[in-house]
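Visitor: Spelled out, the chains give:
Number of protein chains: 4
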Amino acid sequence: MCRFVIYKGTAPVQLSHLLTRPCHSIINQAFDSRLRLDHRRPINGDGFGVGWYDSVYDEELGSQPCIFTSVTPAWNNVNLTRLAEKIKSPLVFAHVRATTAGTLSLDNCHPWSYGKLMFMHNGGIADFPKIKRKLQMALPDELFNMVTGNTDSQWAFALLLSKLPDPKARSFTPSVLQKAMLETIAHINALLEEHGITEPSLMNFCVTDGESVVATRYISSRTEEAASLWFSSGSTFSEYAPGGHYKMSKTDKRENIIMIASEPLTFEKADWMEIRTNHMVVITPKMNLLQVPIIDKFYVPQSDPAALNRGTDFAAAKGFLSPRRDVGRPLDAIENHV
Amino acid sequence: MCRFVIYKGTAPVQLSHLLTRPCHSIINQAFDSRLRLDHRRPINGDGFGVGWYDSVYDEELGSQPCIFTSVTPAWNNVNLTRLAEKIKSPLVFAHVRATTAGTLSLDNCHPWSYGKLMFMHNGGIADFPKIKRKLQMALPDELFNMVTGNTDSQWAFALLLSKLPDPKARSFTPSVLQKAMLETIAHINALLEEHGITEPSLMNFCVTDGESVVATRYISSRTEEAASLWFSSGSTFSEYAPGGHYKMSKTDKRENIIMIASEPLTFEKADWMEIRTNHMVVITPKMNLLQVPIIDKFYVPQSDPAALNRGTDFAAAKGFLSPRRDVGRPLDAIENHV
Amino acid sequence: MCRFVIYKGTAPVQLSHLLTRPCHSIINQAFDSRLRLDHRRPINGDGFGVGWYDSVYDEELGSQPCIFTSVTPAWNNVNLTRLAEKIKSPLVFAHVRATTAGTLSLDNCHPWSYGKLMFMHNGGIADFPKIKRKLQMALPDELFNMVTGNTDSQWAFALLLSKLPDPKARSFTPSVLQKAMLETIAHINALLEEHGITEPSLMNFCVTDGESVVATRYISSRTEEAASLWFSSGSTFSEYAPGGHYKMSKTDKRENIIMIASEPLTFEKADWMEIRTNHMVVITPKMNLLQVPIIDKFYVPQSDPAALNRGTDFAAAKGFLSPRRDVGRPLDAIENHV
Amino acid sequence: MCRFVIYKGTAPVQLSHLLTRPCHSIINQAFDSRLRLDHRRPINGDGFGVGWYDSVYDEELGSQPCIFTSVTPAWNNVNLTRLAEKIKSPLVFAHVRATTAGTLSLDNCHPWSYGKLMFMHNGGIADFPKIKRKLQMALPDELFNMVTGNTDSQWAFALLLSKLPDPKARSFTPSVLQKAMLETIAHINALLEEHGITEPSLMNFCVTDGESVVATRYISSRTEEAASLWFSSGSTFSEYAPGGHYKMSKTDKRENIIMIASEPLTFEKADWMEIRTNHMVVITPKMNLLQVPIIDKFYVPQSDPAALNRGTDFAAAKGFLSPRRDVGRPLDAIENHV
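Chains as they are written, first to last, in our numbering: chain A, 92 to 429; chain B, 92 to 429; chain C, 92 to 429; chain D, 92 to 429.
One chain only, chain A, in its complex shape (with noise of 0.2 angstroms):
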């Protein structure tokens, strides 16, 4: 299982206040497994990566983000620590992992990019070896030659890459993310079902181009949770108590910062709402936050009780259910905007 947040703010992030400082950051969930079920697996050791966009845009430096990546433990990496300190950024990626596919090497840490664009993956393609060949020869022979890694979540990525008009294009509308997202999705299920492939894949996907962001939380089951994903947002994120204990306050009515995370990254229940299992959420570039339902043959709607039944043993079995389901609340309220 592996971890992931996102942050996209008015204001650039210092690094820190994302990754190493606060004492519940993905990093330090890395060894706080007080909650988790599978005790047979490592949780969040084999590498990491966090990938950012420039501040200020300067046309030396050119648009696409920066990557960092490790294979050893990111709570023990001195070059992190040293860099979050410096580093600012309005929109950032991070991601730890635990090698449910694919070995220990930076070819297989998320996020990955590609011009502008970058993306990562929490949760898993079941059975993946038997749909990959398929799946390749989907991809362009760039597309194809550019997977450097031998993850499932690589392989998507590349899937999402061909399904946009330009992948190396300078800006994208959320529209156009969305709907190659859509088609990612919609085209693994198609060669899951083709190699009669029937347990669930977990995919909560993300991508951006450095100013929307489109995620999802999604399972292709009609019966099962996805992967736990979870959204705040605010008006400043910051230590409210030594020992690292952050909070999201709402200082006024602005709403300057939009964090989403695969479990909810403070102690304070009220500062997350959890994202409904088969939706995309879009952040706009103006910050506005979509939240969208992602209509297929796993998809139930609201209306129907089934929606609240969804088991929770298949999603935890593999380590990808936050288990604080009574943290929060739905994430009703922002169906439209944040």
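Read the hints as simulated data drawn from the structure, not as lab findings. Take these hints with a grain of salt, some might be off.
To be verified - List of simulated lysine-lysine pairs, BS3-like, C-alpha gap at most 25 angstroms: (1) A:K254 / A:K223; (2) C:K207 / B:K179; (3) D:K270 / D:K259; (4) A:K223 / A:K388; (5) B:K225 / D:K254; (6) B:K259 / B:K207; (7) B:K223 / D:K221; (8) B:K179 / C:K179; (9) D:K179 / D:K344; (10) A:K225 / C:K254; (11) B:K225 / D:K223; (12) C:K377 / C:K341; (13) B:K221 / D:K254; (14) A:K179 / A:K338; (15) D:K223 / B:K254; (16) A:K225 / C:K221; (17) A:K259 / C:K223; (18) A:K179 / D:K207; (19) A:K221 / C:K254; (20) A:K225 / C:K223; (21) B:K259 / D:K223; (22) D:K360 / D:K344; (23) C:K377 / C:K179; (24) D:K221 / B:K225; (25) A:K221 / C:K221; (26) B:K409 / B:K223; (27) A:K225 / C:K225; (28) B:K223 / D:K254; (29) A:K207 / D:K179; (30) C:K254 / C:K221; (31) B:K207 / B:K254; (32) D:K207 / D:K377.
Here the structure of chain A is known, so what remains is to put chains B, C and D in place on it, guided by the hints.
Guide: For chains B, C and D alone, kept in the frame of chain A given last:
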């Protein structure tokens, strides 16, 4: 906090049976924290080491141990996995590390060797920086310059070597090693006292020359429990159920295997006996096991009720107490021999 | 460019004599570039690997080789230094790597193993990305999914495995390995031709099952020289002068040691014979050595003057030509046996 | 032997122009050993480090430098490549390392920092283990315990810090840094003399507080040349031909860039001037450059013919002499200012 295991057998063990295959090996313990109290520190993901002696003496290869260390977590180290399948040894030290002191570096990975001797430590010397200079002054140049890392543990090894008549000798009697061990602890205690340091130090040290093993369970306190230390012996150590479930069997009267570990390595309570706080255990070349009290001002005789009422908070807070106190029984029966 | 060495002996060699002690071992060659032409590329600092078979068969340990790999340079790897002092083997493959293709990752370090088989490569397949998909199509699922890295070399190994009647067999005859090797080269050539790739490919491949060794010196060109490949045999390989000066001695008529290497490993010219371009050498389980021409459209018979006039620019520009052409003599005398 | 480069500019430089893109950067020098004499030691494949100060002061980020280090070779480090494309700085220290002293460990990678200060070294203190204890005695506890590695260089940094009135000060004048540097060298010389060590020590030290830079070219010998040190200044440093061919241009009278390096970083002879042996160069906050003789018993005045006849064998044998003595001209013209 760290974890370690010592194996000594009349027959060599394939390292995989000790390290990589058992579901409760120190490597798998490294992320199984069901009962761990200290959730804010990573557990044992900060490097590991294994040292072993040859099964058969080969003049060309010499009598020194071989050591393999890594700064990436043991649970996902392909070299360890491959070597453990191919190496057999009658005497093995293995150690997983959390950086309570010292940076993440191969230089700081236990065990260390010097000539025929091999050493490791589980615990921590309180306020070590304050006594470091004085400790160094006690060392001859060669031992002073031998230390490549920055841990209290490696300096303790250098100190122990300085207590031996000839640390490069071809062989050592158990009593020579015992005496050096006691002097090392006494020396450190003297330095701590001289500097007014009253916080207890946890000194579970192990040393071997490839034939005898001397291990301590020691704390510089009359009222607190030392870091945990367990003992098991039997005739075979093997997998009794799929999934890495191992147990120690006593198929005959002979004791062919002795294991000493910071935590029980099997789920069988009866397999493990607890070594008493402030005692030293000695495994002789002929596989006898002695338990000897370390009698100094921190010693509380068994006859004194206080001996059973040492507090567990200190060691637990440091993460050095195996919480399975109900497992096993005290090592009384074998006070004098196995 | 890479470097490799193969050792097969009637007696096991301590790995240090092959790897770490000789001043002209492939590891020390890694930074001795006196005669290197390509100064713009790093030489062999991008990881290394060594694989070996046990000296004595042990049922518990099995017959597969053990492999140790690293992404840090071999010349300064303490684990390699320690292991090399303690391991003896009668059949060793060692490889140092420069990243002409593939990222810096353990997955990309040669040699690789599969069951009893071990494989490594020195060279490069021209325009490999163009033929990668087609090559993959020829593989059964298991071999397709076995490949964890992103090098042409590991895919070539998978292809070779696919040419064997049973890649997991308990034993192989030399002729079975030879046939698979020839088919692998032919298959790659067919793919290259199909894609209109005319740049030569350098295919010095080595495979062993722990008993026989098959190695090629091959280029898909009639006019260019292949990457260099050398051969030495004798009765002892030992240090004759301090500082790691080794030589091969022939103290009696028996040939107990055969070494094949991308470059001569000693300074003694007479020790090394050059293997002919587009030939395959075979070491049989009983230590006979055969040199067999690889007869296809790139073969030029020795009787044809063009055979002696192959150009050296291509291999040299790629960094694959040992410039010591004046060293040694061609391997004629041993065309049929040692 | 090691290599380093210092960059100070009125405008920030993108690190890639200094490190990863130039064909003759210290990273690419790391494997370009055309003229290297010492072929038995690896050249600069044993880790590297780069430290830089922010382009714009940000109160939240503070004024300390950021440091990125690695134990894998710089030439193939994807994190370095990515960071170097995204980071700009007006003051950069970069260092590639060969393990003449100290093990391969992040703790041993230059540069190191302390508060606002940053330090690196090219050279070696003769017989350092013999003076190590005495040097340590001169340090206050905090500096004694700051040293995490085992190199002579990091201890020299600690010593230099101990010579400052307040090593954690908010700012330093150039003369304060100069004085501390001279006292550091004098202190080491005194220790060497006290221990009867007559082999010369190579002490090319650099220190900066982010505003001033003090660098020495120094050897404790009257007859031998120090490790090489070069200087270049101009208005732009840019690529004039594809393939990483850079040069320093003087497009106007202003000197916006000063570089100090252990070897010329461009092929343009006229770009580089040699700093005199046993001199100190100082770059002031306002970009003036001073060259000051270090007058002690190893100083030979320019007027003495012996100053031009220092032997090159010692530094060359140690691998610390750039062999391009014909490149450039001595730094006379700028004895007093740029």
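Visitor: Against this structure, judge whether each hint is valid.
Guide: Right, here's what the structure says about each hint:
Our distance criterion of 25 angstroms between C-alpha atoms is met by A:K254 and A:K223, whose separation comes to about 17 angstroms. Only pairs whose Cα atoms come within 25 angstroms are accepted, and C:K207 paired with B:K179 is accepted, the gap being roughly 19 angstroms. Restraint check: the Cα-Cα separation between D:K270 and D:K259 comes to about 16 angstroms, which is no more than 25 angstroms; the hinted pair holds. Straight-line distance between C-alpha atoms of A:K223 and A:K388 comes to about 23 angstroms, which keeps the hinted pair within the 25 angstroms bound.
Simply put, B:K225 and D:K254 have alpha-carbon atoms about 23 angstroms apart, close enough for the 25 angstroms limit, and the pair holds. Between B:K259 and B:K207, the direct Cα distance comes to roughly 7 angstroms. Compliance with the 25 angstroms bound is thereby established for this hinted pair. Only pairs whose Cα atoms come within 25 angstroms are accepted, and B:K223 paired with D:K221 is accepted, the gap being roughly 18 angstroms. For the given pair, B:K179 sits about 14 angstroms from C:K179 by alpha-carbon distance, which is consistent with the 25 angstroms threshold.
Simply put, D:K179 and D:K344 have alpha-carbon atoms about 24 angstroms apart, close enough for the 25 angstroms limit, and the pair holds. As the CA atoms of A:K225 and C:K254 are separated by approximately 23 angstroms, the hinted pair is consistent with the 25 angstroms bound. For a cut-off of 25 angstroms, the pair hint linking B:K225 to D:K223 stands: about 14 angstroms separates their Cα positions. Between C:K377 and C:K341 the alpha-carbon distance is near 18 angstroms, which keeps this suggested pair within the 25 angstroms criterion.
Between the alpha carbons of B:K221 and D:K254 the distance comes to roughly 22 angstroms, so the proposed pair stays at or under 25 angstroms and holds. The straight-line distance between the Cα atoms of A:K179 and A:K338 is roughly 19 angstroms, inside the 25 angstroms bound, and the hint therefore holds. Distance check on the hinted pair: D:K223 and B:K254 sit about 22 angstroms apart at the alpha-carbon level, within 25 angstroms; holds. A hinted pair counts as satisfied when its Cα atoms are at most 25 angstroms apart, and A:K225 with C:K221 qualifies at roughly 18 angstroms.
Of the pairs offered as hints, the one joining A:K259 and C:K223 holds, with about 23 angstroms between alpha carbons and a cut-off of 25 angstroms not exceeded. Between A:K179 and D:K207 the CA atoms are separated by roughly 19 angstroms; this keeps the pair inside 25 angstroms, and the hint holds. Distance restraint check for A:K221 and C:K254: the Cα-Cα separation of roughly 22 angstroms lies within the 25 angstroms cut-off, and the hinted pair is therefore satisfied. Only pairs whose Cα atoms come within 25 angstroms are accepted, and A:K225 paired with C:K223 is accepted, the gap being roughly 14 angstroms.
As the CA atoms of B:K259 and D:K223 are separated by approximately 23 angstroms, the hinted pair is consistent with the 25 angstroms bound. About 20 angstroms separates the Cα atoms of D:K360 and D:K344, which keeps this hinted pair within 25 angstroms; it holds. For the given pair, C:K377 sits about 19 angstroms from C:K179 by alpha-carbon distance, which is consistent with the 25 angstroms threshold. Straight-line distance between C-alpha atoms of D:K221 and B:K225 comes to about 18 angstroms, which keeps the hinted pair within the 25 angstroms bound.
A hinted pair counts as satisfied when its Cα atoms are at most 25 angstroms apart, and A:K221 with C:K221 qualifies at roughly 23 angstroms. Among the hinted pairs, B:K409 with B:K223 is consistent with the structure: their alpha-carbon atoms are about 21 angstroms apart, no more than 25 angstroms. Among the hinted pairs, A:K225 with C:K225 is consistent with the structure: their alpha-carbon atoms are about 13 angstroms apart, no more than 25 angstroms. About 22 angstroms separates the Cα atoms of B:K223 and D:K254, which keeps this hinted pair within 25 angstroms; it holds.
As the CA atoms of A:K207 and D:K179 are separated by approximately 19 angstroms, the hinted pair is consistent with the 25 angstroms bound. Proposed proximity of C:K254 and C:K221 is supported: the alpha carbons are some 21 angstroms apart, at most 25 angstroms. A distance of roughly 15 angstroms separates the Cα atoms of B:K207 and B:K254; the hinted pair therefore holds under the 25 angstroms criterion. Using a Cα cut-off of 25 angstroms, the hinted pair D:K207 and D:K377 holds, with the two alpha carbons roughly 18 angstroms apart.
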